[in-house]
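Please take these sequences and the hints and turn them into a complete structure.
Going by this note's numbering, the sequence shown opens with residue 291, and the numbers climb by one from there.
Hints are computed from structural coordinates only; laboratory data are not their basis.
Glycine is no exception: its CB is placed at the ideal position from the N, C-alpha and C atoms.
Be aware that one or more of the hints could be misleading.
Claimed, not checked - Here are the computed distance ranges between Cβ atoms for each label pair:
#, residue 1, residue 2, range
1, K314, G340, 31 to 39 Å
2, K314, M291, 48 to 56 Å
3, E309, G366, 17 to 25 Å
4, N313, G339, 30 to 38 Å
5, G366, K293, 47 to 55 Å
6, P347, E306, 22 to 30 Å
To be verified - Cross-link-like lysine-lysine pairs, in silico, BS3-like; alpha carbons within 27 Å at most:
#, residue 1, residue 2
7, K293, K378
8, K326, K378
9, K293, K314
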Amino acid sequence: MPKFDFDEAVKENENEPLEVVLNKREYLLPAQLPAKVVLTQIALMDETGGLGTNDIPTWLGALVGEDNLQQMLDDGATWEQLEAVTTKLLVFYNVIPEEQEIETGDEEAPK
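Structure representation (structure tokens):
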């Protein structure tokens, strides 16, 4: 019977975790985009393919980890900081090209 060991294949492609520093605190994030991020985005997408503003915290929690997001918020992270971290992560995970910026609409923090 053919066998494919996914654990071994993933181990061969594993990189070191990504270290992110925000407000003098270090966060270790996965070296590869977690499937939870993609599945959460799919589940939260509206009919236009976008995320509602109410769903952004859930999606950010999937991206950086819920505990990490809560710590970032507890440490006083600003909307601009979270937006910058998100952009850098999406570039790192090859979701968006480096020169592309995330379209944010009005450029103001959600209310």
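Beta-carbon spacing of E309 to G366 - inside the hinted bounds 17 to 25 Å or not = Because 20 Å falls inside the window, the suggested range holds.
So the hint says 48 to 56 Å: do the beta-carbon atoms of K314 and M291 match that?
-> For K314 and M291 the Cβ distance comes to about 53 Å; the hint holds.
P347 paired with E306, Cβ distance criterion 22 to 30 Å | With Cβ atoms ~28 Å apart, the hint holds.
Proposed proximity, K314 with K293 (alpha carbon, max 27 Å) = Violated. K293 to K314 sits at ~46 Å, over the 27 Å cutoff.
K293 paired with K378 [C-alpha distance capped at 27 Å] = violated, 37 Å
Cβ-Cβ distance between G366 and K293: within 47 to 55 Å?
-> holds, 50 Å
Assessment of proposed distance window 31 to 39 Å (beta carbons of K314, G340) = holds, 33 Å
Is the distance from the Cβ of N313 to the Cβ of G339 consistent with 30 to 38 Å?
-> holds, 32 Å
Would you check the hint for K326 and K378, treating anything up to 27 Å between C-alpha atoms as holding?
-> holds, 18 Å
Going down the numbered hints, you'll see the structure goes against 7, 9, while the others check out.
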